[in-house]
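Peer 1: Chains as they are written, first to last, in the working numbering: chain D, 58 to 840; chain G, 33 to 186; chain Z, 17 to 314.
Calculated from the structure, these hints are not laboratory results.
Incorrect hints may have been included.
[Unchecked claim] Straight-line distance between alpha carbons at most 25 angstroms, and here's what the computed DMTMM-like set of lysine to aspartate or glutamate pairs gives: (1) 173/G - 43/Z; (2) 108/G - 111/Z; (3) 224/D - 250/D; (4) 292/Z - 152/G; (5) 828/D - 640/D; (6) 175/Z - 376/D; (7) 622/D - 609/D; (8) 434/D - 152/G; (9) 387/D - 206/Z; (10) 835/D - 759/D; (11) 177/G - 206/Z; (12) 37/G - 88/Z; (13) 175/Z - 820/D; (14) 113/Z - 152/G; (15) 173/G - 89/G; (16) 40/G - 88/Z; (17) 113/Z - 139/Z; (18) 476/D - 362/D; (19) 273/D - 362/D; (20) 269/Z - 293/Z; (21) 476/D - 461/D; (22) 30/Z - 113/G.
The residues making up each chain are set out below.
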Amino acid sequence: MRCEEVAAHARDLPGVIHAVDSLYTCSQPGQEQIKHDIKELQLNRVVVASCTPRLHEPTFRAACESAGLNPYLLEMANIREHCSWVHLHDKDAATEKAKELVAMAVRRAAKLTPQFELTVPVIRKALVLGGGVAGIQAALDMADAGYKVYLVERSGSIGGRMAQIDKTFPTMDCSICILAPKMSEVGRHPNIELLTLSEVKEVKGHIGNFRVQVLKKARYVTKDCSACGECVQACPQLAPDEFNAGLSIRRAIYIPFAQAVPSRYMIDMNLCLNNHGIVACDRCFQTCLQKCIDFADQDKLLELEVGTLVVATGVDVYDPSALTELGYGKFPNVITTLEFERLINAGGPSSGELIRPSDRRRPNRVAFLQCIGSRSKRSNPYCSNVCCMNTIKDALLIKEHWPDTEIYVFYIDIRAFGKGFEDLFQRARREGVNFIRGIPGEIIEDINTGDLTLLGENTLLGQHYRHVMNMVILSVGIKPQKDSHLVQRLFNLATDTDGFYMEAHPKLRPVDTTTGGVFLAGAAEGPKDIKDSVTQASAAASRANILMSKGEVRVPAITANIDPKKCTACGLCARVCPYHAIEGGKEQGFYRVVEAACQGCGACVPECRFGAIEQSHFTEDQIVAQIDQALEKEPHTKIVAFACNWCSYAGADFAGVSRIQYPHNVRIIRTMCSGRVSPRWIERAFLKGAGAVLVSGCHPADCHYNNANQHTARRVEAFWKKMEKLELNKNRLRLAWVSAAEGAQFAKVIREMEETLRNLTSDEREAFIAKLSKAQSKKSEQS
Amino acid sequence: MTDIKIWKHFNRESLYECYQCARCTGSCPAMEVAPAFGPRETILKCLGLGHERVVEDERVWLCCTCNVCEDRCPQKIPICDLLVALRNSAARRGNIPGRLAMAVELLAKTGRSMIVHQLDGMRAHHGLAPLPAAPVDELRKILRKAGLQQVIEF
Amino acid sequence: MRYAIFLGCAIPIKYPGFEAVTRLVCERLGIELVDLPFSCCPPSTSLKLVHYDSWLALAARNICLAEEQGLDILTLCSGCVNTLKEANHVLKQNEGKRRRINRILEDSNHCFQGSVNVTHILDVLYQDSVVEKIIKEKVRDVPLRIGCHYGCHYFRPPKVMYPNELSDAESYVPVRMDHLLSIIGVEPIEYSRKFLCCGSPLGANIDLEAGYAITRQKLGYIQERDIQAVSVICPSCFEQFDMGQIVLAKKSKDRIKTPIFYLTQLIGLAFGLSPKDVGLDVHRVKARKLLEETSIGW
């Protein structure tokens with residue numbers, strides 16, 4: 058486009074006293090020029106027409122601030138990604154569009170008001186939910202940095218899955234041997250308060266100031282316990298031992314495993330004979346030399362105040378009973394990899410002897426089946442990350458102890474992507490482990506011997522096989538915990554389609570959540586091995602430490618605020634807030650936004666029918682100014698597009714970066730979330746003669762503000778219903794879900810909408826506006 | 033003889049989901065007793081070599097139509113619908129086993145899938161009424177309108 | 017309870033004994049069977065593979081006959097239920113196919129509406145109200161150790177045949193025949209590859225040897241367990257096992273033979289009918305010796 062012409066046009070716009078066409082404004086000299094102009098010319102608003110604000114808004118805001126101008130008085134017009142790069146072959150049209158985009162920015166800038174970011178104090182305490190290796194690492198990193206940490210674990214001991222594993226890949230370290238020192242450090246760390254047998258019941262508050270209610274269940278055994286184990290012999294009750302994956306028995310009084318931290322026994326009161334409050338059996342009490350058994354122990358409810366939260370709740374293992382053709386649950390010698398870990402573990406139910414369940418004999422031929430419960434639409438569609446390496450490690454373990462064992466691994470792909478992984482894979486092959494590409498279709502049992510026949514196809518040979526094995530180990534996938542949805546609701550987390558908790562940005566913010574102050578660590582965020590869990594845990598701790606060391610955090614000044622005079626306490630705004638950041642009630646007579654908890658999506662604003670709620674820096678006036686300016690000339694040729702900052706606006710940017718061309722009719726107006734888009738804007742745009750209106754946001758499962766875009770859909774659908782009733786052409790209002798990577802999709806939508814515009818006759822247009830304004834005046838008469 | 037457009041009857045894109053795990057062929061009864069391709073190889077051939085190579089091979093008929101392959105497929109590919117489409121195409125190209133052609137011809141000509149002879153005595157022995165005649169003419173008209181003569185003469 | 021009874025081809029022509037005993041059993045249970053001028057289903061193992069539209073048209077015609085009488089269809093054969101249920105399903109869902117087929121059926125004055133359902137005798141007998149009646153009508157137990165063979169076409173593909181039973185994560189395997197027979201005193205026994213095909217579709221139309229090779233494998237698994245007889249719900253499976261054992265014995269001199277029963281024959285025995293009444297005398301693998309060892313006798 059002809060930039061000088063755009064600058065010249067800008068000079069004539071109301072309020073503009075200085076307009077300059079310069080190169081590389083974002084560079085140091087460019088910024089210095091802006092600062093100089095602000096001071097010299099006493100400017101009180103700045104508009105930079107250039108690249109996308111998603112790139113340099115912070116840069117220019119900083120420049121304004123250092124020149125003494127409030128940073129929120131800066132506006133940017135995107136004339137690059139949204140204009141010159143997507144209209145390469147029509148310089149005239151691009152120039153005209155750029156002029157209008159600049160005019161829109163100027164008119165909005167006139168409505169901007171200074172904003173001051175709120176500073177919220179951060180309590181220098183953290184809470185870690187989950188005592189697996191990720192939770193342990195995060196707790197240690199924050200405690201070592203000097204902050205108090207509550208480590209909340211729902212079972213009787215920390216350790217998690219890593220404590221159950223025998224050896225780790227690729228180093229073949231003994232798992233509990235490397236974990237136990239960390240567990241012990243947690244147990245005696247002066248800054249860590251370990252709360253086992255504890256669950257989070259409620260989380261209130263916001264970044265820097267969370268009020269967490271923790272239920273600490275009764276253990277019935279006091280601190281005096283020396284873990285001598287005498288009580289166990291006395292107990293008459295039996296139950297399957299969860300730590301040993303159900304392969305052995307424990308008593309009602311038990312310690313989860315030998316290296317447990319805290320090193321204290323506990324009573325499973327559901328199993329104990331005293332579970333109705335009457336002491337019917339006190340055998341363990343009588344046997345106990347330390348006299349540390351206390352049947353009168355009670356659950357305790359703790360109220361904790363912390364500044365940051367780390368969610369490290371780990372994973373569950375897939376149950377292959379559902380795959381009936383494999384016989385798990387029917388054939389005793391078909392087991393899972395978790396059960397195998399316990400068998401081969403020296404501390405496990407068979408003292409490390411590899412024996413098969415049916416006859417306790419050592420198997421000579423063992424098969425591992427990969428991808429059980431993973432990469433499948435019948436169970437979990439994702440790859441579970443660890444199973445290939447886990448099997449290779451297991452195979453090497455067997456070969457190490459019993460070299461004459463024949464081992465077969467039935468696979469589809471072997472994923473050995475990490476450091477040292479390919480080496481381990483090679484070692485396994487050298488040791489004579491057979492890798493056969495082709496998962497068995499069916500497993501048959503010989504009831505006399507307990508042996509299993511695997512029927513399948515060796516795809517590399519193109520031959521059917523019938524392999525007889527003594528034992529089959531199913532390499533099961535890992536999946537989110539059964540109750541992950543409860544934790545999700547408590548902590549306001551988003552989950553992806555597989556049920557794992559979602560990070561704020563998959564590349565650049567991998568341990569943050571979209572809720573400020575809440576971080577993720579470990580397999581709860583996605584299947585991963587120990588190394589990645591520990592890495593992520595340290596990352597989460599570091600992010601939390603930033604907040605806690607600063608002791609305060611600045612909240613972007615784009616929060617919502619309620620005018621108590623206009624508020625009727627209907628509560629509709631509070632109901633749509635994804636962060637429960639609006640408090641109040643009918644009894645109080647009004648509602649109020651908790652600024653520190655507000656993430657600035659704006660979904661609440663369109664909900665209010667009394668004009669009582671506004672979003673700073675995205676007010677009705679400011680947006681309306683942009684709409685009006687966009688439609689000043691030849692409105693019927695324009696598409697007014699409302700695009701959300703995180704997905705759709707970014708998607709349009711991406712179209713620009715990719716130089717995907719599309720018609721120049723569109724004028725994009727940015728909001729933080731598509732949930733901010735008000736039906737009043739749509740109506741106004743149409744009444745002003747807009748050819749078409751586009752409302753665009755993130756895909757339903759991916760909303761940056763958890764699920765605020767469901768309100769977008771609801772509002773647009775309601776508007777369509779209204780259009781249907783008035784017999785208006787619904788095609789002129791479009792709802793599109795466009796992600797940040799979907800530049801082509803954005804361009805496609807604009808092209809389709811432009812066609813709709815072309816086919817509009819002037820009669821149709823006039824009739825449309827007439828019907829709509831009639832309906833509007835009817836409505837205002839009624840109210 | 034005009035062939036059917038296979039990919040109009042079956043969504044080719046669903047075949048891209050196949051990652052060749054071989055659970056289907058591993059479960060296939062026909063694979064064990066006959067030189068069949070098995071579903072996995074059939075899908076691979078359709079994608080890699082083109083379906084013509086499959087439908088012109090007489091081994092495409094070696095199948096029990098038992099549906100276990102589709103049952104066990106982790107990607108839920110509707111394999112059996114593909115196999116029906118492939119065989120319909122094969123038949124139109126003249127690739128059809130002799131006995132199968134005879135069975136279909138019998139059906140088209142007599143309206144039944146089995147040959148009837150000396151039946152009424154046996155039925156009376158069990159206290160059953162004689163078998164009513166098959167509506168051969170009506171069925172023949174329907175089959176002609178449907179286009180069966182493209183494949184079988186009757 | 018009133019159904020249009022769909023006999024298919026095999027049962028009325030080759031095994032009229034099954035038809036007779038089924039009619040008797042239904043009469044005792046108060047299930048009214050209406051005969052309509054149905055034709056061959058037609059088989060999904062032959063015509064469907066050769067010319068899909070012909071298959072769909074003939075199947076639709078049969079369904080229309082029942083629709084015009086306002087009756088659900090009760091089949092006695094897994095092949096028939098597979099064809100009719102799938103055709104019903106496809107035509108109910110796919111408007112394009114429905115229009116095409118209705119055009120073909122115009123001259124016969126039929127028009128598919130999608131107003132009836134298709135069911136199998138096993139499913140009808142498994143309903144709670146019918147089970148209660150079976151318990152009442154039962155005069156004696158059938159104390160046999162039976163391996164059930166459901167066959168393939170009865171329940172696959174589950175998304176068409178039993179969509180309500182199928183959960184996303186599992187593959188559906190039926191248990192109702194085992195349950196039903198245990199009510200009449202049978203001890204259902206599990207065996208390997210219980211849901212393997214009998215081999216009939218491969219053997220009958222394509223490769224006889226190959227078909228029997230599968231049957232032989234199946235019989236091997238049945239005979240390695242303590243199973244006295246097999247119960248089937250399809251005449252093709254019946255023939256494959258019954259005649260199949262004779263054919264296989266010629267080649268390998270297999271001594272052991274396992275008698276095969278069609279489901280309603282066992283129900284009939286429980287109701288006090290004699291083995292001859294239920295048509296056991298025409299089976300190729302004789303059940304005489306087996307029954308003489310039990311309280312039922314011959």
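Peer 1: For this structure, which hints from the list above don't hold up?
Peer 2: 1, 3, 5, 7, 8, 10, 11, 12, 13, 14, 15, 16, 17, 18, 20, 21 and 22
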